[in-house]
Structure formats: C-alpha cells, structure tokens
Amino acid sequence: MNNIEKAELIVVGGGPAGLSAALAAADYGVNVILVEEREFLGGQLVKQTHRFFGSEKEYAGTRGIDISKFLVEKIKENENIKILTSSRVLGIYNDKIVTILANNKMIKYSPKALILATGASEKFLAFENNDLPGVFGAGAVQTLMNLYGVLPSKKILMVGSGNIGLIVSYQLLQAGVKVACIIEAAPRIGGYSVHASKLARMGVPILTSHTIKKAVGKDKVEGAIICQLDSSWREIKDTEQFIKCDAICLSVGLSPLTDLLKQANVKTSYVPELGGYIPLRDENMETSIKNLFVAGDVSGIEEATSAIIEGQIAGLNVAKRIKKDIDNQVKIEKKIAEAKDELELLRAGPVGEKVRNGLKKIGLDPLKNYGEKVSTEEFDISFLMKTGIPSKENLKKKLPLSEDVFNKGPIAISECFQQFPCDPCVKSCPFDAISENGSINNIPYVNFEKCTGCGICVSKCPGLAMFVVQKNYTDSTSLVTLPYEFLPKPVKNQIVLVLNREGTEICEGTVKRVRDGKIQDKTTVVTIEIPKEYFLEARNIKVDGGQKHG
Amino acid sequence: MKNRASVVVIGGGVVGNSIAYNLAKRGVEDVVLVERSFLASGATGRCGAGVRQQWGTRQNCLLARESMKVFENFKDTLNVNVDIELKQKGYLLLAYSNNELEQFKKNIKVQNSLGIPSKLVTPQEAKYIVPDLNTDKLIGGAFCPTDGHANPFKVTYGYSKAAENLGVEINKFTEVNEIKTEKGKIIGVQTNKGFIETSKVVDAAGGWSQQIAKMVNAELPVYSERHEILVTEPIKPVLDPMLMSFSYNIYCQQTPDGSFIMGYGPDNEPPSFDMHSSWQFLETMSKKAVWLLPPLNKLRIIRQWAGLYNMSPDKQPIVSKIKEVENFYVACGFSGHGFMIAPAIGVLMADIITESDLTYNVVLDIERYKRGEIISEPSVV
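Chains as they are written, first to last, in the working numbering: chain F, 1 to 550; chain D, 1 to 381.
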C-alpha cells in the first residue's frame, strides 16, 4: 500500500504553461514528472493554426501548432522530464501525496513541489433551446475542425467576438463553413481589431450590442433569433431577427479549471476580470500552499504567451528552491527577473487593462517596473471596434504624409491601429524600416524612406495587417500585395475578384506574383494588378472555387 | 433576522431541523434556527444515507422504528411536497463469526419484540438477496426488508420547509460566536449576522456540539472523529439492500439513482475536526468493496469526502438538558446514526423543552453516565 514514489516536481497539464514550466525547471536539473490527461501533449496549442501575437522571443508570428511541436520536441529530448500522458491527477492530499490514474492504476507520488497548469474550460450561455444539437462551444468547433478534420456545420452563427470567437470564425471560413454573422452583446468587439478586420474584409457582419434569444429548430439547430441590446444591456423592442444557420457557436469566455486546486484547499478568490474563481498567488506563482505553484489560464484567463512566461516563472522558482548551489541561484534569479519583466511588458498596454485590474484585486502589482510606460489608445478606434473596419481618419494616420512617397516605388502599409503587444513586423523587416518606438505595446509605423516594399512583413504579421502598394505600376494600374490564407491558392495571371475592407467586390485584378515558400509558412503573399483608383481600397481577393464568403 | 426568539436551535442538520419543526408543531412560537453554512452541510449531508431499524439496544430500535414511520409517510406527516427518495429494499448484515451470529440472534429478538420484521438468513439466502455477493467465509446474516435508503438532503430540506411553514425562521450562513449568559441564565446568542435575544438554546451542532457547549462552559462527554466515504458512477440497479459487515467494518449501498455509496469505520482515527479525504481510504475501501461485491471492480469512483461522527461513550445519542446552565439543551453524540433517528429525536427534544412526558420510553439524558446506566450499542460501523 505504501509504494509511494519520490519526485522533485510534478507538473499537471501539458499545455503551453505546463510545457514551459517543465522545461524551465528541467533545464536546471530538476527531475520533472509531466502529467497530461489527454493522450498527447500541447494542450490547446495543437489546434491553433493561427500565428501568435506577442513578442518574437516568445514565439510571436509562429503558429500555435508549431509552438507546440517545438516545445514538445524539447520536452521529449530532455532526460530530466518523465512524461505521463493519458494520465489524470486524482488528488493532492493533506500529506502532500499526489495520486495519479495511469494505465487504470492509481499511482502515488510524494513530490517536493507541484505546478498546476490545468488550463480553463469554456463558459456556456443561457438561452432558449441551448441544448439543441448544433450548439457548440468555440473550443469544441476548433477541436473538431483542426484536430479531427470534421466540419461542424455548413453555416454557423458565432456568439461572442473575443479573440477566440474571431479566430474560430476565420478558421471556419478557411475550412469552407459560412459564417452568417458574429454577434457581440457588448457595444465593442472584444478581440483584437486586426482579427475583426480579417473577417470584415471577407464580408462577415459583426453585430455589436446584439445577443441570442433562442435557438430555433426541431431536432437540431435550423436557425437562431437574435436581438439588439441598449446601453443597459436590455433588449430593444422589435429588433428580433431570424438568422438561418445549422450551428451556433458559443465563444463567451473561459473559466479557470480550479477543481484540483480547490481539492488541495488552495485559497481562491472570485475575480471576474480573470474569468471567475482563481487561486491567490504571489508574483512567483506560488499559491497559499507552500511549494504548490500555478501557471497559465488556471491562474487567471489570459493567453498562451503569458501562460508560457508564467510557466517559466513557476518552473524557475521550483528550480531555485531545489537546486541550491550558488552558481545556479544567481543564474535562475536573473532569468526569473527577465521573465517577470517580459510579463509586465505584455500586460502594459491598453488591452492588458482588464488583466491588470484583476491582478490588483489579488494584491499583485502588475506594473512594478512599467507603470510609467502604460499607454492609452493612440487612435480613436471606436468605429473600428464596432465594425472591424478602420475609419478614414485611422487610415490617414498610417499613410504617407505626402502623395509623393507613392511615386518612389512599392512601400509597405501597416493597417494596425490598436495597441496590443506584438512585434513580428518590426523584427522581420530586413531593412529596419518598421518601428514601435521602444515598446511592444505601441503601434508600429513604417519608415517609408527605408522601406523597399520587399513584402517580407506581409506574411509575418499575425494580424494580416501588412500590405505593399505600388501606385504607379503602369499609367493606369497599381500593384497591391496582400496576405491570403485560403484554398485554392491563386496562380499567376489568374483573374480574381478584388474586395475592399468591408468585403465588397470593387473590381477585378490579375495575379502577378504568388509567393508561397518556406518563409511565408502557408500565408501566401499575392500580388495583384488592379485599376489605379483602387490601390488604397483593394485588401482582399476572391479566387474562383475558393473561399466562401459570409 | 429576528432579534428575539423563544428558542434558538444551533445547527441546520437533520437533527436541528427536526427539533425546530417539532417545537413549532407543539405551538412554540418564534423558534429561530441558525446554521453557519448551508443546510445539511455537516454530518447529515456527508452520511451514508442509510435508514435501518436493526439495532442492538431496545431504545435505538424504538427510535429507528418510530423514525421509519415518519420516513414512510413523510409528505403527509410533515405536510410538505418533498420526495425523500425512500427505498425500502432492506439492510443485509453479514456475519463472519459465531459470535457475530449470536449477537444478531439477540438483536433480532429485541427487534422482533418491537415489531421490526428482521430475520436471520443463511449464506444461500444472502446470495439470493444479493446475487453478486461474495459469500466466502460468510456464515450467516440478518435481514430486515423495511430498512433502506433516504436522501439526507431531501429529508433535511423537508423538515426545514415544514418548520418554515409553521413559522420557524431558518438562518443559513449564520455563525454563532457567543452564547451570552447572566447569572447562569442564557440571555442571547451573538451571531455574525447580529444578536438574538433568547433564554433557550438547543445545541444540535453535530461534530461541533462540544464546542458550542464550551460557550456556556459546559463539557460534553463527546468527541468528533473523521469517517470517510465515497460514491461511484451510477449504473443500473443491481444491489437491493444496504450491505453491512461489523467485523469488516464496512457498509455499501446502491442509491435509487444507481450510484454506490460506501464507507468503513477507520482504525485508530484520533479525535479531531479534520474533514479531509485520504488516499489511504480510497485504496482500502475499494479493496474491501471489491472483495465483498466483485463486479464493483469495473466501477469508477466519482467523489470521496469525509464527515464527523460525534461519538458518545455508549455510542448512543445524548438528548438532554444540562445541569451547568439553565435552558441549554443538547442533541449530540449520535455516533454515526443521527440521520436515521432524527425524526424521533425532534419529538423527544420537543418533549424535553416543553416539559412534557417523553413520547418514547428511552433514557438519553446526559446524567446516565454518572448513574452508570450505560448500555453500549454493539452494532455500529
């Protein structure tokens, strides 16, 4: 009965936070047991086909699936890490024994430290008929499509416009599913504007101040009734409308998966800004129970980049406690400080405000070093955040001051108007022509003097917000280079339909060049020739037999 | 919350609610019940949900039989529309030694004399009642077909509803911090939600009853002890009666929803207020249960938890006033079988508080220990 195995560190959860925590500790010689409930590592990363935002250092510009592959590879190479997949942690008992169900047997460990990186679950929404087949969570839809290759439906209504709602809508379009519309109860789009703009230029309507009233259908979803909300979130009379669709996808937020923490009697607090009940913890990610750490969404809903850094902080702190030689201590201290800096920087922009407010509620100072650098929104993006379409004023600020600049040749145009932490455009430019003025949270600007219009940045921007325009290609035509992520891919000399930022067809164009190499990494860079009058309007294409629009 | 009460009942378990209801039924007005958490949050909601009449002492048998009458007619007796999920498919007590079998024979005599329809069974008969039973080493058993299961949450809820219907005020999430006395007399109860002026207090605080009594400087001869329990996933009905073995110290039943609830009496468990679960329990319990009912080895465990037995010296309850403070009443020391006799306990306590003759011929006063009138209950897990 007392066959209890000793262990230095048990990491629970093989998602981004758990993977990075295991690596951070194992790099300093800590013996790690990494426990994952599913049969594979990677967590939610394995279905994230989009490129990540954030800092290049933390894999920004790389697709989630590739980050997962990279981290898992490193984990598998590391001989200090023992991987237990298809294994479920059952309990953390008062005597610090951890029980795990593996191969239908309950095994017991007595670890020196624990890091819980159990992630989050999707929230649900109450409305009439919400139990009809065809009502999905966005995460489930993403799993069906991207992991198992199963189409969830033919036409979907997306409820919720946070980053997950926007990203999954885009991926649905990529898979050939029509998106009837995206509705958002708040008066403002919840996710990043660049994600919304990608959908807007595909003609998908985003309806803010709208909610779902009921699902319609007999045996499965055949449609939905939505309505408009006033500023007090009350239904406005006579605004009901029927949306025809065969699936409803809910993307209304995440709740930290704190069950195991609660079982272990970790102190928790209800913080709506961070998704609900979260464990109280210090800046080293240690909970109210000594040597029990948390990382990632379970400690408060954020995104994968901060989860990775939190994992590092937790893993490094465990290493510091277990590996006591002076040399290591100094190195680890330095790394912890760097990781904390990076995390603060990530949260320092306007989009980090909610998370910062949440962290303050549990007694943390999320901006110890960056307090003075917090910037407020540089542009008035209220129209953009309502529609996904940038206003004329927004656009004007990112265009050259003088028309003459267009005469010098091809130049890059950055259509990024919102301040959030992201820097792949800056880091990818071989001519150092894009700058964020010192902070990853600032809006990037193109230095048109330095820019050669090479188009490298077009496939690097995770928000697909970089374009190259060459106004005077011929007397009557211009060239526009844009990112394209649909099948079939256009071929040279093909005639394609050209769309503006609202998804309206404005003209036809001829494909002049298709760049689809390793560097583009599946974000095809397409150059089209179009009538000159549209060079500042043409931002999307429709390839025959290709993308289905909203 | 009322700031005056004729009686304040401390404890929102099944006993506290039964007492409050029975007081109101006798016409006592302004009864106030306080519970520091939710109703049935203590031992009641953590118990094995069994209701049995097969006891070893005459008075436990009597209390259980009278309580069973209430469970059988719950809606009509209490005038509430609450289904308590009563399942009368019996208790099958297993004997593995001659001593045990002899004890069962003695018990059955007492039970039968009170009209409880229990009988001795052979291992073959036991196998007939429970086809999945491992009869290895089994030499016999006792079976009472009218014993069974009731939902402790529903019973507690039913009593609290019935009490409220009669004017009792039930205050949840209200913790007693102090019982104020003056010259040996109670003047009120200080809670975290305010002060309640009263002259009478009933301590029905289960595992914490000795702590409540300390507020009036009374020492109760009881202590609390952790007992653990688990529940499995639900499957189709395969086990009719509650199975119980005193020598293996285990009980196991399938509830009406199909899940199995099981527990065992711990060895060397120290007195404590500890309600944490242990992995040791999981291992031992599953081995014991699978030995007893081999098909259980395919079942998944859904949850484990622990609760407190409030243990008295003779494993029989104390339902009594106390000498130290006037009008301080205790209902404690249920030693793991409070739920199934709670209906009768409420009646008894109402008798005591209203200074009426006892409805049942039982001796449960606290002074019995000094008098030496102790008959220890032999049939406890």
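Source of the hints: derived by calculation from the structure; they are not laboratory data. Any given hint might turn out to be false.
The calculated PhoX-like cross-link candidates involving lysine-lysine, where the alpha carbons are at most 25 Å apart (straight line), are [stated by the list, open to error]:
hint	chain 1	residue 1	chain 2	residue 2
1	D	Lys287	F	Lys323
2	F	Lys105	D	Lys172
3	F	Lys267	D	Lys298
4	D	Lys288	F	Lys108
5	D	Lys287	F	Lys108
Some chain F residues judged to face chain D by a derived CB distance under 7 Å, without partners named [to be verified]:
hint	residue
6	Tyr93
7	Asn94
8	Ile97
9	Ser391
Which chain F residues stay away from chain D? Per the calculated CB distances, all over 10 Å, these [as the list claims (entries may be wrong)]:
hint	residue
10	Lys69
11	Lys108
12	Ile236
13	Tyr277
14	Phe448
Each residue gets a CB set at the ideal place from its N, CA and C atoms; glycine is no exception.
Structure-based check of all given hints:
1. Lys287/D / Lys323/F: Violated: Lys287/D and Lys323/F sit about 40 Å apart, past 25 Å.
2. Lys105/F / Lys172/D: With Cα atoms ~41 Å apart, Lys105/F and Lys172/D exceed 25 Å; violated.
3. Lys267/F / Lys298/D: violated (35 Å)
4. Lys288/D / Lys108/F: holds (20 Å)
5. Lys287/D / Lys108/F: Holds - the C-alpha atoms of Lys108/F and Lys287/D are around 16 Å apart, at most 25 Å.
6. Tyr93: holds (5 Å)
7. Asn94: holds (5 Å)
8. Ile97: Holds - the Cβ of Ile97/F comes within 7 Å of chain D, reaching about 6 Å at its closest.
9. Ser391: Not OK, violated: Ser391/F not within 7 Å of chain D, min 52 Å.
10. Lys69: For Lys69/F, whose nearest Cβ neighbour in chain D is about 33 Å away, the distance exceeds 10 Å, so it holds.
11. Lys108: Label violated. Min Cβ-Cβ 6 Å, cutoff 10 Å.
12. Ile236: Check passes; 39 Å lies beyond 10 Å.
13. Tyr277: It holds; Tyr277/F is separated from chain D by about 18 Å at its closest Cβ, greater than 10 Å.
14. Phe448: The claim holds: Phe448/F sits with its nearest Cβ about 65 Å from chain D, beyond 10 Å.
Figure legend: structure checked against the earlier numbered hints; hints not met, in rising order: 1, 2, 3, 9 and 11.
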